[in-house]
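For reference, the chains in residue letters:
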Amino acid sequence: MNGASVTPDVRRQLQEAVREIQVMAGLTDLTLPQLRLPEPPQNIVGLPMNRGLKPARGAGASPADVAARLRAQASVLDGQFDAPRALAVGITSPDYRDGKTTIAISLASTIAHDFGAQVLLVDADFHTHSVGEEYGLADRRGLADVIEGTASLQQVTNRFRQAPLSVITAGTMSEDPARLSRSEQLTPIINQMKAMSGFVVLDLPATLHSMNAPVLANRCDAVIVVARAGHTTQRELERVLELLQDAKVIGVVLNRQRSSVPAWMDRLLALPR
Amino acid sequence: MIQRKLIETFCRRAWILAIPVILAPAFVLVLVKHPAVYESSATVWVTRLEALDTRPAETNPASNAAKTQVQVLTDLLATASFRDAVATEAGLVPAIASPEIVRAAGDSAGRAITLAAPGPNLVSVAVRADTAVKAQAIAAAFISQYQARAAADGDRELAVVVDYFQKQVGLAQEELAKNRAELATYLKAHPGVEKTGTDTDYQLLGARVDAQGKAVDRLVQSLQDAQRTAAAGATGRASVFTVQDAPNLPSGSLPIPAAKTYGYPAAAAFLGLAIAAAYLYLSYRADHAIRSREDLLALDVPVLGYVPDLKMPALHRYSPLRWVAPSRRNYARKVAASISPLPSDRKIAS
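In order, the protein sequence lines correspond to chains A and B. In this text, residue positions in the first sequence follow the numbering used here: the first is 1, and each later residue adds one. In this text, residue positions in the second sequence follow the numbering used here: the first is 1, and each later residue adds one.
It cannot be assumed that every hint is accurate.
[What the hints assert, rightly or not] A few chain B positions that, by computed beta-carbon distances, are all more than 12 Å from chain A:
| hint | residue |
| --- | --- |
| 1 | 27 |
| 2 | 189 |
| 3 | 199 |
[As the list claims (entries may be wrong)] Chain B stretches covered by chain A per the calculated footprint, using a threshold of three residues with CB under 8 Å from any CB of chain A:
| hint | stretch |
| --- | --- |
| 4 | 206-213 |
| 5 | 280-292 |
| 6 | 295-308 |
| 7 | 331-338 |
Read the hints as simulated data drawn from the structure, not as lab findings. In this text the structure is predicted, and so the values were computed from the model without any measurement. Glycine residues also receive a C-beta, built at the ideal position from the N, C-alpha and C atoms.
Work out the full structure, taking the sequences as your base and the hints as a guide.
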């Protein structure tokens with residue numbers, strides 16, 4: 001990473017915020033930091049709490065062991081799933097630079113860091129290729145190539161030794177990203193991803209700027225919408241929710257929130273958060 | 001409950017309060033200047049000129065010599081020629097000036113003069129100007145011009161009166177001479193009637209002569225009075241309009257009223273506060289962006305969490321190249337990626 005160094009305080013700040021998001025989304029628990037696997041995704045609010053799984057921390061727990069244990073434990077939930085037991089979470093937002101890629105990366109990184117679980121971070125935004133650029137994998141083949149059939153999923157998955165996080169870039173720039181999004185191959189590809197990793201986090205395009213976003217969102221088990229504080233308007237968010245009405249939107253994350261109100265005034269007036 | 005968005009709008013734009021607190025009063029203090037004003041005053045004693053007072057008798061019991069004089073002076077000030085004369089004598093008009101300039105100066109001088117009657121025989125003249133010398137000059141010129149006109153008017157009046165009485169005396173003396181001639185003719189025609197004293201015609205003629213003689217005496221007396229008054233001249237007139245306190249040279253300017261000193265900036269501050277409040281309210285109403293949980297709950301959307309605005313290290317934040325340096329952009333992504341960083345050797349797992 002070049003340029004400005006990342007201070008531990010800032011990183012911790014982001015991790016805590018993302019952990020809270022995980023709890024609210026039903027991915028983890030407040031009291032027992034456990035990685036959860038959901039019941040069949042519902043169309044709306046939150047994923048219901050499910051029986052927890054043992055944390056992946058502890059001596060000798062390698063990422064591969066954890067992933068295997070997750071899948072084994074998931075098999076206990078017999079009959080509760082018609083779909084694969086892993087979870088594909090799509091992250092989208094109304095506009096560019098709202099922070100969806102940041103949230104996607106931080107969500108994937110936090111789960112990988114806290115639980116050592118195999119997490120697959122997929123760049124499904126065929127317009128911007130942000131995730132690949134962030135990890136220095138911009139020139140690698142990726143999801144687009146898999147959909148086109150010019151590469152296999154294993155070939156484009158960038159896994160690293162001693163790192164539970166794997167990355168799939170958007171791949172070769174396509175002249176017709178819409179066609180890629182509507183490809184019938186996408187659903188089985190996502191199922192394959194879920195078979196490879198307990199969690200798949202997809203960085204989707206901006207909903208108001210790409211009609212691919214709703215199409216891709218419909219293929220996810222859960223969708224989180226990222227709104228940028230002070231920029232995203234209520235009308236824009238309503239429009240996004242309207243476009244994603246067929247997807248499983250589990251909630252909204254407010255990104256780049258900052259308050260101009262001094263703490264003393266906040267306490268004095270007992271303002272709602 | 002107070003809405004967070006309202007307080008946020010206020011705090012985000014708290015700088016707008018600098019307008020009523022600092023800018024508006026400063027603006028007023030700089031632009032609204034209170035020029036120095038000097039006041040010169042004079043006091044005049046006035047009396048009614050009983051003998052030759054040709055003014056109609058005052059029927060209003062509340063009126064007195066001073067009030068009458070103030071009215072006369074006010075009427076005089078209403079005439080442009082008098083004002084022009086005052087301005088010229090006060091030195092407000094350049095040596096060669098167009099009638100418009102003279103008229104303007106006269107109007108200015110007229111506006112500067114204030115008259116009052118503090119007592120039944122006391123008239124005060126106050127003049128305000130931007131310099132002390134000017135104020136004194138205008139006051140002195142005003143009094144001087146009035147006295148000159150009054151003197152001219154008085155002379156004219158007295159001349160008319162004297163002329164009148166002279167003519168009347170002449171006519172009366174002619175009549176007296178005629179009556180005497182008739183009496184002498186009658187006595188010549190009737191010698192010895194003055195001894196008998198019973199002749200009615202003689203008595204009648206004698207009575208006419210006596211009466212006419214008395215009339216001539218009265219007229220002569222009036223003529224002498226008028227001539228005496230005319231001979232009195234300035235001394236006589238001075239007793240009518242006496243300057244007790246000559247126009248003074250002010251030593252300092254008039255104090256600025258506290259209402260102007262403090263009132264204007266306070267009014268400006270209040271107006272600025274109103275403008276600022278209106279702007280804040282409009283900003284609040286026009287802000288449809290999502291800023292807090294309140295806004296999301298209004299949409300009936302579950303809120304999963306909040307990610308704060310991540311701050312770069314101060315040194316980098318304030319770098320001159322911060323707007324173009326790629327390091328500032330995507331800083332949050334870098335933070336996110338650092339949570340679970342990829343190993344530096346980047347050895348791909350098989």
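Hint check:
For residue 27/B, the requirement that its beta carbon stay farther than 12 Å from each beta carbon of chain A is met, with the minimum near 27 Å. For residue 189/B, the non-interface assignment is confirmed: its Cβ lies about 130 Å from the closest Cβ of chain A, beyond the 12 Å cut-off. The beta carbon of residue 199/B sits about 127 Å from the closest Cβ of chain A, which is more than 12 Å, so the claim that it is off the interface holds. Counting residues of the stretch 206-213 of chain B whose beta carbon lies closer than 8 Å to any beta carbon of chain A gives 0, which falls below the threshold of three, so the coverage claim is violated.
Restraint check on the stretch 280-292 of chain B versus chain A: 5 residues with Cβ-Cβ distances below 8 Å, three needed, restraint holds. Counting residues of the stretch 295-308 of chain B whose CB lies closer than 8 Å to any CB of chain A gives 12, so the stated coverage by that chain holds, three being the minimum. Under a criterion of three residues with beta carbons nearer than 8 Å to beta carbons of chain A, the stated coverage of the stretch 331-338 of chain B is upheld, 8 such residues being counted.
Hint check: a violation occurs at hint 4 only; the rest are consistent with the structure.
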